[in-house]
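There are 6 protein chains.
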Amino acid sequence: MTTDGDRYERGLEALRTLMGRDRGPTPAPEEPPSAADLHRVFIEHCYGDSWARPGLDMKTKSLVTVAILATLGAERELKIHIRGAHNMGVTKDQLVDLLIHIAGYSGVPRAVHAARLAREVWREMDGR
Amino acid sequence: MTTDGDRYERGLEALRTLMGRDRGPTPAPEEPPSAADLHRVFIEHCYGDSWARPGLDMKTKSLVTVAILATLGAERELKIHIRGAHNMGVTKDQLVDLLIHIAGYSGVPRAVHAARLAREVWREMDGR
Amino acid sequence: MTTDGDRYERGLEALRTLMGRDRGPTPAPEEPPSAADLHRVFIEHCYGDSWARPGLDMKTKSLVTVAILATLGAERELKIHIRGAHNMGVTKDQLVDLLIHIAGYSGVPRAVHAARLAREVWREMDGR
Amino acid sequence: MTTDGDRYERGLEALRTLMGRDRGPTPAPEEPPSAADLHRVFIEHCYGDSWARPGLDMKTKSLVTVAILATLGAERELKIHIRGAHNMGVTKDQLVDLLIHIAGYSGVPRAVHAARLAREVWREMDGR
Amino acid sequence: MTTDGDRYERGLEALRTLMGRDRGPTPAPEEPPSAADLHRVFIEHCYGDSWARPGLDMKTKSLVTVAILATLGAERELKIHIRGAHNMGVTKDQLVDLLIHIAGYSGVPRAVHAARLAREVWREMDGR
Amino acid sequence: MTTDGDRYERGLEALRTLMGRDRGPTPAPEEPPSAADLHRVFIEHCYGDSWARPGLDMKTKSLVTVAILATLGAERELKIHIRGAHNMGVTKDQLVDLLIHIAGYSGVPRAVHAARLAREVWREMDGR
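Residue numbers (this note's numbering), protein chains in the order written: chain A, 6 to 133; chain B, 6 to 133; chain C, 6 to 133; chain D, 6 to 133; chain E, 6 to 133; chain F, 6 to 133.
Simulated from the structure, these hints should not be mistaken for laboratory data. Be aware that a few hints might be false.
As the list claims (entries may be wrong) - Calculated lysine to aspartate or glutamate pairs in the EDC-like style (CA-CA distance at most 16 Å, straight line): (1) 97(A) with 129(E); (2) 84(D) with 62(F); (3) 64(E) with 62(D); (4) 64(B) with 98(B); (5) 97(A) with 42(E); (6) 64(B) with 125(C); (7) 84(D) with 42(D); (8) 97(B) with 36(A); (9) 97(E) with 125(B); (10) 64(C) with 62(B); (11) 64(C) with 36(C); (12) 97(E) with 35(B); (13) 97(A) with 62(E); (14) 97(F) with 35(C); (15) 97(E) with 36(B); (16) 64(F) with 62(A); (17) 97(D) with 62(F); (18) 64(B) with 42(A); (19) 97(B) with 62(A); (20) 97(C) with 36(D); (21) 97(F) with 62(C); (22) 97(F) with 42(C); (23) 97(C) with 35(D); (24) 84(D) with 42(F); (25) 64(D) with 62(E); (26) 97(C) with 42(D); (27) 64(A) with 62(F).
Stated by the list, open to error - What the simulated footprint calls covered on chain E by chain B, stretch by stretch (three residues with Cβ under 8 Å from a Cβ of chain B suffice, anywhere in the stretch; the number is not a length): (28) 43–55; (29) 91–105; (30) 108–116.
Glycine residues also receive a C-beta, built at the ideal position from the N, C-alpha and C atoms.
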């Protein structure tokens, strides 16, 4: 039987692989102590429970994640995961293909929005 | 039989209790006169028809409102109602519990987004 | 440190309190063995991580859950949680108040839909 | 100053024009007395406050309503309003044009869903 | 049989009529060559396939588009299409009526958000 | 330059590969002639413009499609694409992994809904 600690550590490791950094709980002075539980939940639900599973490779999962976040219209998280997708080896051309898929299934406004964020990520990647 | 005027006044009073201020129609020069009807609708649908009803207390309603706005991904309104929830006596710890609930039911990205706004509200509350 | 087993057991107990029954994993012949992990995730994310926390009482949480599910337009889960809300002591009048709140914030179609499911639950509760 | 009664009556009249029938509150035995308030809210928010206004004609409003309900994925209300749109003089060809618009903006799955409901309405209209 | 070129040109012409400008593909240095396909898809799905069709006039389509974008909570696209609606002859009063309709069907938060963007457009139109 | 005919044919071929059948326009007696354009739009936007592109393989696209449809809560289309995903070689275990990912990002209710449809598809696949 695994412990919650295992799950959390496994999640942080997946996050490190995806984003090249550790985005674990960083308690802020305005947060109550219980906010640590919230940060754990974020890491455990997405990273410990899903990203750390081996059934689908991380490149595929990052494409799926970008598609979900674009469909939800979740701006900030979407930009982070477009970068994550490129970290996992998704090419710009493949991201364009994904955005065309999103346009058909989630509607053009969601894809236009995601395309604008992709250009921001690309500019940062190109060092412009 | 109540009049629309009653409904509107009742709504403004509920709004005053919740937000500590009166956010009724403030006509702007660029608005057509009919915009006054729009502002009335906003106050009447939410405040006159719901917040002013006695069946559920205002603290409970403010938790429900935060959950709905987080699920919709409605940024600005969400921040206003996180503050409103604290005005109604919701503690930071209880808001954290609500965010954990939202993470499970509406997905982690919606809860992450709401948590960021909560930190902004908390910083303002703490006078930082 | 708690173990995943604790979390799961805590979740099942909360589910039992809310629904008067144990809705834990019931493997079906068509499911692969890994589906057990999926059922655990469902219990753990919602029940183990949130419902089992003591910060907000279960009656409040059930009102919040109904509001989220109505906003999402999630039919089947919504009906289950309307029943759960009544199990936690929410009165029919309080549920009506919640539906009026949902009409204002999530729009009338979401509330109409929830009201239809509420009538189904009420008929079953009344033994009609 | 108008009274709530005016608003409600005005709404019922708009509903009668649109649907060719009066869909006002029909209390069911399982409903608590307060459910009458909920039915009033449904009529007042949509019909008394919007459909009864003269700024946009009812044909235009019915096209807008179908588009919103398709975007929300609200099945039952959507079918009722597709019929309403035809009652207001929208032709089948115009509804097809609307569905093509919805496909672009809300995504193909929402339009496919609406097209299936349109075929059901059309079969009923054709007496098949 | 039309060619894809026809469809794209037809779309650009509809866009020109609606927005008073040509918003066709403007390749940015950070974009891969395949991004041109994405821009074509945006123009073709919305403008070539829908706006260029004659069944519904452009004024009606612009009201429908504003309603969809408000329902989706798509901020930037919504502002562009509020301006487009006014270009097509929608008056400020008619836009207010549309926002009241959106409040009823998509909920007050979506309408509040759209009203804020409308005020921005109106200020720009008034040259303030 | 390709013609619309190419696009449509390319789309039908992708659809045939994915679903093992041709789901092109089948005019029903209740449909106006213009409905043929609607069916073309459905095929062209999703299949001709996206599925037929070579940048992402069809297995990956089918996982992305299931994730989008689950996030939208689109019942019927979701079931069709769960079957499509299995046609493209996605294993039951991989689908479970996808559902766990959806639970984290789009919330447990969306994943529970998709899991119920997956069991229906699995029963049909197993010949039960």
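For each hint, the structure was consulted:
For the proposed pair residue 97(A) and residue 129(E), the alpha carbon gap of about 36 Å is over 16 Å, so the pair is violated. Proposed proximity of residue 84(D) and residue 62(F) is contradicted: the alpha carbons are some 37 Å apart, above 16 Å. Only pairs whose Cα atoms come within 16 Å are accepted, and residue 64(E) paired with residue 62(D) is accepted, the gap being roughly 13 Å. Distance check on the hinted pair: residue 64(B) and residue 98(B) sit about 14 Å apart at the alpha-carbon level, within 16 Å; holds.
Between residue 97(A) and residue 42(E) the CA atoms are separated by roughly 13 Å; this keeps the pair inside 16 Å, and the hint holds. This hinted pair does not check out: residue 64(B) and residue 125(C) have alpha carbons roughly 28 Å apart, beyond 16 Å. Our distance criterion of 16 Å between C-alpha atoms is broken by residue 84(D) and residue 42(D), whose separation comes to about 25 Å. Proximity of residue 97(B) to residue 36(A) is assessed by CA-CA distance (about 8 Å); at most 16 Å being required, the pair is judged to hold.
As the CA atoms of residue 97(E) and residue 125(B) are separated by approximately 35 Å, the hinted pair breaks the 16 Å bound. At roughly 13 Å between alpha-carbon atoms, residue 64(C) and residue 62(B) fall within 16 Å of each other, so this suggested pair holds. Simply put, residue 64(C) and residue 36(C) have alpha-carbon atoms about 34 Å apart, too far for the 16 Å limit, and the pair is violated. Between residue 97(E) and residue 35(B) the alpha-carbon distance is near 10 Å, which keeps this suggested pair within the 16 Å criterion.
Using a Cα cut-off of 16 Å, the hinted pair residue 97(A) and residue 62(E) is violated, with the two alpha carbons roughly 38 Å apart. With a CA separation close to 10 Å, the supplied pair residue 97(F) and residue 35(C) stays within the 16 Å bound. A distance of roughly 8 Å separates the Cα atoms of residue 97(E) and residue 36(B); the hinted pair therefore holds under the 16 Å criterion. With a CA separation close to 13 Å, the supplied pair residue 64(F) and residue 62(A) stays within the 16 Å bound.
Using a Cα cut-off of 16 Å, the hinted pair residue 97(D) and residue 62(F) is violated, with the two alpha carbons roughly 38 Å apart. Restraint check for residue 64(B) and residue 42(A): not satisfied, since their Cα atoms lie roughly 23 Å apart, outside the 16 Å limit. About 38 Å separates the Cα atoms of residue 97(B) and residue 62(A), which puts this hinted pair outside 16 Å; it is violated. Between the alpha carbons of residue 97(C) and residue 36(D) the distance comes to roughly 8 Å, so the proposed pair stays at or under 16 Å and holds.
Proximity of residue 97(F) to residue 62(C) is assessed by CA-CA distance (about 38 Å); at most 16 Å being required, the pair is judged violated. Taking the CA atoms of residue 97(F) and residue 42(C), the gap is about 13 Å. The hint holds against a cut of 16 Å. Of the supplied pair hints, the one linking residue 97(C) and residue 35(D) holds, its CA atoms being roughly 10 Å apart against a limit of 16 Å. Between residue 84(D) and residue 42(F) the CA atoms are separated by roughly 21 Å; this puts the pair beyond 16 Å, and the hint is violated.
The suggested pairing of residue 64(D) with residue 62(E) holds, with an alpha-carbon distance near 13 Å, which does not exceed 16 Å. Of the supplied pair hints, the one linking residue 97(C) and residue 42(D) holds, its CA atoms being roughly 13 Å apart against a limit of 16 Å. For the hint pairing residue 64(A) with residue 62(F), the CA-to-CA distance comes to about 13 Å; that is within 16 Å, so the pair holds. Counting residues of the stretch 43–55 of chain E whose C-beta sits closer than 8 Å to any C-beta of chain B gives 0, which falls short of three, so the coverage hint is violated.
Counting residues of the stretch 91–105 of chain E whose C-beta sits closer than 8 Å to any C-beta of chain B gives 7, which meets the bar of three, so the coverage hint holds. A count of 7 residues in the stretch 108–116 of chain E with a Cβ less than 8 Å from any Cβ of chain B is obtained; the coverage claim is therefore met, three being the minimum.
Hint check: violations occur at hints 1, 2, 6, 7, 9, 11, 13, 17, 18, 19, 21, 24, 28; the rest are consistent with the structure.
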